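Engineer: Sequences listed follow chains A and B, in order. Each residue of the first sequence is one higher than the one before, starting from 157 at the first, in this note's numbering. Each residue of the second sequence is one higher than the one before, starting from 157 at the first, in this note's numbering.
Since no wrong hints were added, every one of them can be taken at face value.
Identical copies carry no separate label here, and so any pair may be met within one copy or between two of them.
Derived SDA-like pairs (lysine to any residue); straight-line CA-CA distance at most 20 Å:
1) Lys250 / Ala285
2) Lys234 / Met157
3) Lys234 / Phe169
4) Lys250 / Glu198
5) Lys234 / Pro158
6) Lys250 / His270
7) Lys234 / Ala175
8) Lys250 / Val221
9) Lys250 / Gly291
10) Lys250 / Ser172
11) Lys234 / Ala224
To be clear, the hints were calculated from the coordinates, so they are not data collected in a lab. Everything numeric in this text was worked out from a predicted model, so none of it was measured.
Protein chains: 2
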Amino acid sequence: MPSYSHILLAVDFSASTDAVAERALAMSRAFSARLSLVHIVEFVQIDLTSELVIPQELELDQELVDIANRRLQELGEKYGVEADACFISQGSTKREILRIAEEQDVDLIVVGSHGREGIQLLLGSTANAVLHGAGCDVLAVRIQD
Amino acid sequence: MPSYSHILLAVDFSASTDAVAERALAMSRAFSARLSLVHIVEFVQIDLTSELVIPQELELDQELVDIANRRLQELGEKYGVEADACFISQGSTKREILRIAEEQDVDLIVVGSHGREGIQLLLGSTANAVLHGAGCDVLAVRIQD
Chain A
157 MPSYSHILLA VDFSASTDAV AERALAMSRA FSARLSLVHI VEFVQIDLTS
207 ELVIPQELEL DQELVDIANR RLQELGEKYG VEADACFISQ GSTKREILRI
257 AEEQDVDLIV VGSHGREGIQ LLLGSTANAV LHGAGCDVLA VRIQD
Chain B
157 MPSYSHILLA VDFSASTDAV AERALAMSRA FSARLSLVHI VEFVQIDLTS
207 ELVIPQELEL DQELVDIANR RLQELGEKYG VEADACFISQ GSTKREILRI
257 AEEQDVDLIV VGSHGREGIQ LLLGSTANAV LHGAGCDVLA VRIQD
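Just chain A, same shape as in the assembly (with noise of 0.2 Å):
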């Protein structure tokens, strides 16, 4: 019989990352699986390869960062996760779950699913564009709009 062993919640901070967040708690414990969280901080990129770099726009991405590890440290406190299990990654919010999900060697990633249809669909949500890339499982979680 199969089993989960090391499961991956990816959290927004948006208002239904409780509801997300209890499913991946139950099937963490269902299966007595080690649970970690990501969060990846979405912000415009700056471009690299010019050499036009504002120190300000610098500034504000390390900001938004720290602000987004020290919500997941406070989530991780509640949910029972430990620090180390508290990833943060800034970019493509699809790229960087999976790679984070392939690096610890994760079975479950579980993400939050609004249902969306149509043009969203095509424009892509979180939950569509994990499950289309992922090497391994993904539990989309019904969030009720």
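With chain A held as given, fit chain B onto it using these hints.
Structural biologist: The following block gives chain B in isolation, referenced to the frame of chain A:
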């Protein structure tokens, strides 16, 4: 702590059916949830608004449904699922899976996922289609191609 009470496993009789089913069985045991099976028979739809109905086609369709029914019952016996929890339907895979999930008060749909990307993502997979229309959680089990 949230739990799952009724899991619907979508089967396509492909080589990966057992691998996906084992995950669904593991979830069913972990959460003491009921397990139901669904298979959708896809074939070319006959235009019922037309007066031209070809008897051979209708017979062929019924034969496909009968074959699928027998195979699903066999899978049900293998996985310990009662005959009245094995659902066969015909038409759009996405629409029928979602319809049966809603009718049967399912709180988790389990589907296999090939992790398609690019143009195949736009063309749509069953996992993708189900994910975006489901009113409940969806577990996409990664199939190793």
